[in-house]
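K.L.:
Chain by chain, the residues run as shown.
There are 2 protein chains.
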Amino acid sequence: MVSEHAAAQILVASNRGPVTYALEENGELSAKRGGGGLVSGLSAIGDSDGDTALWVCAALGDGDREAVRRGVGEPGVRMLDIDPRVHADAYNGIANSVLWFVHHMLYQTPLEPAFGPEFRAQWASYEAYNRAFAEALAQSAGADAAVLVQDYHLALVPGMLRELRPDLRIGHFSHTPWAPVDYFRMLPDDVAEQLLRGILGADRAAFLTGRWADAFTECCVRVLGGTSGTRIGVHGLGADADFLRERSRRADVEERLVALREQIGGSGDRKVIVRVDRTELSKNIVRGLLAYRELLESHPEWRERVVHVAFAYPSRQDLAVYRDYTAEVQRLADEINSAYGVEGWTPVVLHVKDDFARSLAAYRLADVALVNPIRDGMNLVAKEVPVVSDEGCVLVLSREAGAYEELGEDAVVVNPYDVMGTATALHTALTMPQEERAERTKRLAAAATALPPSQWFLDQLRALRA
Amino acid sequence: MVSEHAAAQILVASNRGPVTYALEENGELSAKRGGGGLVSGLSAIGDSDGDTALWVCAALGDGDREAVRRGVGEPGVRMLDIDPRVHADAYNGIANSVLWFVHHMLYQTPLEPAFGPEFRAQWASYEAYNRAFAEALAQSAGADAAVLVQDYHLALVPGMLRELRPDLRIGHFSHTPWAPVDYFRMLPDDVAEQLLRGILGADRAAFLTGRWADAFTECCVRVLGGTSGTRIGVHGLGADADFLRERSRRADVEERLVALREQIGGSGDRKVIVRVDRTELSKNIVRGLLAYRELLESHPEWRERVVHVAFAYPSRQDLAVYRDYTAEVQRLADEINSAYGVEGWTPVVLHVKDDFARSLAAYRLADVALVNPIRDGMNLVAKEVPVVSDEGCVLVLSREAGAYEELGEDAVVVNPYDVMGTATALHTALTMPQEERAERTKRLAAAATALPPSQWFLDQLRALRA
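Chains as they are written, first to last, in the numbering used here: chain D, 1 to 466; chain X, 1001 to 1466.
These are computed hints drawn from the structure, not numbers from a lab.
Every residue gets a Cβ at the ideal spot worked out from N, C-alpha and C, and that includes glycine.
Be careful, since some hints might not be right.
Short derived list, chain D residues pointing at chain X, Cβ under 7 Å [claimed, not checked]:
#: 1; residue: Gly73
#: 2; residue: Gln108
#: 3; residue: Thr109
#: 4; residue: Asp182
#: 5; residue: Asp189
#: 6; residue: Thr217
#: 7; residue: Val221
#: 8; residue: Arg222
#: 9; residue: Leu290
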């Protein structure tokens, strides 16, 4: 599928790499390989074209740092041992506490953000962290190499790399939403400009949906006066159908299915509303529970006939606002169970321990999948559920998720702030005739897998080279 | 100035009217007349054209309701005795807790807003409250009358009135900002549509700045597909120079001047940074204090040479989030005074008791006025200070205030979220040469009074009739 070209070097840059190392008790390092779209994509290149690939990433933990010191490493991976304080300031302080909040519109604006001296110190670390990547890439890249820079952690890299190596083809991909201009401009003016100019250092800046691409373009136009000739593209990452179908039929998933059915109870005739999320502020788990409570209140016929299986996996528990949010999810689930639960029926089954096999089991048995983020770059749960569903599953989908652009037509669409509307959508979903549900699931699965990860990656590469 | 026309009837509709009644201990009702742009405007009509005016407003307290019951009333004022619970739901529940928050982007979005059953009940009250106004206006308006409907409390009135009385000329004026479309669409879809269609029931919808007018238009285009032929206008309400100059020279203001100078201390050679606000979440008092603290930190030469006079008058203390905000203002002021204060110098002089004469005194003596709202329809403080300043005053102005459109050129402009940038702006303002400061103040005063309240009102009327 890649257009004809001479064999060339491809570099990927991202904060997290394809492998992490753990220091075992015996002093040995053990490697653990990750998955995802980039891993699939990189493994797809080189097969036919003779391309070579290098992945530049940050050492994230003590194991990774030790691996760098020992010179241990997988071929094709270069880990950067950046000062842990610099990395923490850049990653936690700026990327996840500022840029993530801006693009997802998560701030309590009367008090946050307040860009004071602490922010300025962290911003200097973000610059240093980006510079370390730019320098490593400049050093590692051969002539005519293509460099694919990933996400908001590395927004300054394309511009920095362009100055060091004007000969390279540079792409940047944003995996998050992009903020509306009124929200983006909360950032200090020089920081806002640096971020935009950083990404515009790329030949091509790409996004998960047209909506986020348009928001980025509007920011460039309003803040800088234009996009300086950088091409803007869209690649809607899809689900990996082959992997999911195979993985979800393994024995560990079957075991989880049995256990989940037992927790749900009701001898198999209860409907199941499933959600699977990190406990992330943007995922909207609390309003999902409020909507479920409203369903039980306004449609009491569902009591004892439905169970809400909610998986809310811990995320960023180092931040107070995330801990508070997690506590609120637990509190509300308990409250609903106290208020409505009866012998033999627990209205909300909440699990907070991450278990991928159990997530797949829940996908398989779900009658309804609730995906209601207040803002989300794409949301892969929405794309994975239709692929593995055993008997068809109605997707209740927020219009603020990137996936809405591709799946909106066959989903039951909700405004994520509208608890009453979401309750109504849940009722609509639960009462959808089996035939319609199966047809929609089929179409959803087709749309969800239209651009599988390897193709998503190769498309970017081809577009960058065009 | 009004274009030629036969004498006609003009109706104004607003939640708060030009007069309020208090029930005295002896059972008598005492009337208190208010001020503002509408009062000035209405008093200006009729003088030359023979027009008649009627102001339709809500009875707000027990005194007002008693006045309605007794048939007491000023000529030209019709008070509506709406059920107090309906009024409270519409005014506090919807207008001030939802619409105000949406247009000023004040929500803590991970948890708020959550549009559940309580919202729906309050929304029904908002509809009923708007309907009461529409019916009263329909009943009171003669043929060819012009009706000027005010603000977000009464957004549904133009549409409702249009149905009852297609013959009327209807205008609507928004005194707030208008939300960006991504924020506005948090509202339940039917509510968002009703609000837009309500305002579009007017022949003309007007705003304080082009920015808010554009945001409204974008919401109409994105949500409804267009503005349905309603004309969109802008009238930037200015300060009332004659009133302010006369009022600020009265004896009570002179007394306050003496008292303030004593609190400031330093035998008259200290610089004074003044802010005057309600303790409103959008006014950004906390970040203002943080910026002042940063000024003392990064420019220690200002210690003992500057005082921040902050007036933060109580607002909406029935809401927990406002009480918390007020407490944070007080806490931070105390913290700064503890950290930096010395014998004979109190860095922050905070007053929380509303006193208009003292505000005027502070305007007169201010070297710098800090007006840094995170979002503000106009902000009249920014326009009043230059008018009454004794020796010229540097205006540090948020670009998120509507006043920025008219005053930005001669102000020191800040991004209100940028505490470091605001501290730098304060330093720039404090060190501005006296001559430049005086020249800028002169130009600011001219721009601020370009459209005095009576003219602002008459312009709207003329445009509506055009």
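K.L.:
For every hint, state whether the structure bears it out.
P.N.:
The hints, checked one at a time:
no., hint, in the structure
1, Gly73, "39 Å, violated"
2, Gln108, "4 Å, holds"
3, Thr109, "6 Å, holds"
4, Asp182, "4 Å, holds"
5, Asp189, "6 Å, holds"
6, Thr217, "15 Å, violated"
7, Val221, "14 Å, violated"
8, Arg222, "12 Å, violated"
9, Leu290, "6 Å, holds"
Hint compliance for this structure: hints 1, 6, 7 and 8 are broken, all remaining hints hold.
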